[in-house]
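Participant: The chain contents come next:
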Amino acid sequence: MIKDEPAIPLWRHPVLVAAVAGTLLLFSLGLIAGVVASSIEREAMKPLGAAFLVGALVVVVASTWLLKRSIPAIFTQVSPRVGRARKMLVWSMVIGALLGMFLVLGSLAVGTEPPEVFSNAPIPQWLAIVAIAIILVVVPPITWAWHRSIDEHESEAYRDGTLAGIYVFSAVAPGWWLAWRGGMLPEPDVMIVFLIVYVVWGLVWIIRRYG
Amino acid sequence: MNNKLKVLRAMRDWSQADLAMHLDVSRQAVNAIETGKHDPSLPLAFRISRLFEMPIEEIFDDQG
Chain A
72 MIKDEPAIPL WRHPVLVAAV AGTLLLFSLG LIAGVVASSI EREAMKPLGA AFLVGALVVV
132 VASTWLLKRS IPAIFTQVSP RVGRARKMLV WSMVIGALLG MFLVLGSLAV GTEPPEVFSN
192 APIPQWLAIV AIAIILVVVP PITWAWHRSI DEHESEAYRD GTLAGIYVFS AVAPGWWLAW
252 RGGMLPEPDV MIVFLIVYVV WGLVWIIRRY G
Chain B
39 MNNKLKVLRA MRDWSQADLA MHLDVSRQAV NAIETGKHDP SLPLAFRISR LFEMPIEEIF
99 DDQG
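These protein sequence lines map, in sequence, to chains A and B. In terms of this note's numbering, the first sequence opens at residue 72 and continues consecutively. In terms of this note's numbering, the second sequence opens at residue 39 and continues consecutively.
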């Protein structure tokens, strides 16, 4: 009798659950910080703000619960190499979350508006320098260590995602730029292009890896 | 590429996770090889061959 455990559906895989829960937690904390800061400034809270606050608190509780459940499962019954790779992935998520919180709290501390997602609003120079330093100094060694730890199947899935991402970039960036010059679209926004590429890259990687 | 990985691990009563542990890869990698979605590299094919003590060509079949 062939022992074959049922395949875990994509949406229930602990790595993906943790990634989605971590992202939701981060955005919810940002939303809470924004609503609270705005309410303090106006010395009142609008009903819509209160609704957002309650919703965000519910998401914080739910995503924390999901993280608590999924993170131990990520490291259950895996080989040392896979364990290392997953540890790197968790660290990447933690650093991303800390970077996001740092940007929000730093903006609040100096009295500017908390940055919206991919906002182009100015931020203090020191805040930009620290955030850039994290991206340039902290992220590369973790990325390098992760690439050294993943197995060949994940490496192939990641390469497919990267290839899809670069093709999307090759289409979206010049396409938007030409449309702008032709007066059909506003000026290209590098962070929107980055987001589009990142989503395609990540989706292809996840589908090839876990699909 | 067809392969006998599923049968060979069944003979040892191993789950995909057990085999993944022996090969130091993820369960997803084992599943992808068994279902023909991923062809293993030569080093991994040799690891599989050594683990089951069989020649590579008896485990993998590129003619099927």
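None of these hints come from the bench; they were simulated from the model. Glycine included, each C-beta is placed from N, C-alpha and C at the ideal position. Careful: at least some of the hints might be erroneous.
[What the hints assert, rightly or not] Below, a sample of chain A positions facing chain B; criterion: calculated Cβ distance under 7 Å: (1) E114; (2) Q148; (3) S150; (4) R152; (5) V153; (6) H224; (7) D231.
Participant: Find the hints from earlier in the document that the structure breaks and name them by number, from lowest to highest.
Facilitator: 1, 7
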